[in-house]
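A.B. asks: Sequence:
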Amino acid sequence: MEGETGTNNQFSNYSFMASSSPCNPYNLSSQQQEPGLDWEGMLFSNPYGLVDPNAQQGQQQQQQQQQYVDSLDINGGLRNDQEGHNSGGGKEKKSGGRVKKASRPRFAFQTRTDNDILDDGYRWRKYGQKAVKNSSYPRSYYRCTHHTCDVKKQVQRLSKDTSIVVTTYEGVHNHPCEKLMEALTPILKQIQFLSRF
DNA sequence: CGTGTTTGACCGGCGC
DNA sequence: GCGCCGGTCAAACACG
Numbered sequence: 001m002e003g004e005t006g007t008n009n010q011f012s013n014y015s016f017m018a019s020s021s022p023c024n025p026y027n028l029s030s031q032q033q034e035p036g037l038d039w040e041g042m043l044f045s046n047p048y049g050l051v052d053p054n055a056q057q058g059q060q061q062q063q064q065q066q067q068y069v070d071s072l073d074i075n076g077g078l079r080n081d082q083e084g085h086n087s088g089g090g091k092e093k094k095s096g097g098r099v100k101k102a103s104r105p106r107f108a109f110q111t112r113t114d115n116d117i118l119d120d121g122y123r124w125r126k127y128g129q130k131a132v133k134n135s136s137y138p139r140s141y142y143r144c145t146h147h148t149c150d151v152k153k154q155v156q157r158l159s160k161d162t163s164i165v166v167t168t169y170e171g172v173h174n175h176p177c178e179k180l181m182e183a184l185t186p187i188l189k190q191i192q193f194l195s196r197f
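Per our numbering, the first sequence runs over residues 1 to 197.
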């Protein structure tokens, strides 16, 4: 919580980057996002432009976004401990042996939007909501509903600028985007058909 | 009835 | 050791 001014500075930086990134699937500088799919974003193997810290190829903006996630608290909340935070409460799941995960890629971005829920093509199930300190808005916790997928995301509206929603993704989907596949299937079939000649 | 949300309780990490 | 706080669980609930 110390150094709030620093936080503010970086936040404003980030805001600029997020809204100007050409590859950010959520490049939503204005209210209306495409209700349907974001093709440009989803056609990447990494639908969110998640930044692998080890990857060199990432664009500058993405790297900076990742830095932001690593180094900042979002309203005093999001910490990036080196274990990637496996902790978190929850009853006896510890004994069940929830394996410590290596640090997972995290990616946060801001969108200027009225609705908190972004249609990113994946299905999410909300599993928690908490009021966080220094913020008048609660933080919502979502998990990908796909059985084998353990991707999570946090959504929180900024108290300083209520038109901005901060979304933090943790992990990478290990399955194709359902909506994308749904949309692509007829096209792929046609391609297969045509390629026989 | 299946799926997703709400919400209070619980847990672990961290600072003091 | 204690209290605060963020993250998660899971029962109850809502909705199609």
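One should not assume that every hint holds.
Unchecked claim - For each label pair, taking beta carbons as the anchor points, the in silico distance ranges come out as:
no.: 1; residue 1: K179; residue 2: R112; range: 18 to 26 Å
no.: 2; residue 1: T185; residue 2: T145; range: 19 to 27 Å
no.: 3; residue 1: Q192; residue 2: K126; range: 17 to 25 Å
no.: 4; residue 1: K179; residue 2: R104; range: 40 to 48 Å
no.: 5; residue 1: A183; residue 2: C149; range: 43 to 51 Å
no.: 6; residue 1: D150; residue 2: K179; range: 45 to 53 Å
What the hints assert, rightly or not - Pairs of lysine to aspartate or glutamate, EDC-like flavour, derived with a Cα cap of 20 Å:
no.: 7; residue 1: K133; residue 2: D119
no.: 8; residue 1: K130; residue 2: E178
no.: 9; residue 1: K133; residue 2: D161
no.: 10; residue 1: K152; residue 2: E178
no.: 11; residue 1: K130; residue 2: E182
no.: 12; residue 1: K133; residue 2: D150
no.: 13; residue 1: K179; residue 2: D161
no.: 14; residue 1: K126; residue 2: D161
no.: 15; residue 1: K160; residue 2: D119
no.: 16; residue 1: K133; residue 2: E178
no.: 17; residue 1: K126; residue 2: D150
In case anyone wonders, no lab produced these hints; they're calculated from the structure. Even for Gly, the Cβ is constructed at its ideal location relative to N, Cα and C.
A.B. asks: Sort out which numbered hints this structure fails and list those numbers smallest first.
C.D. replies: Hints 3, 4, 5, 6, 7, 8, 11, 12, 13, 14, 15 and 16 not satisfied by this model.
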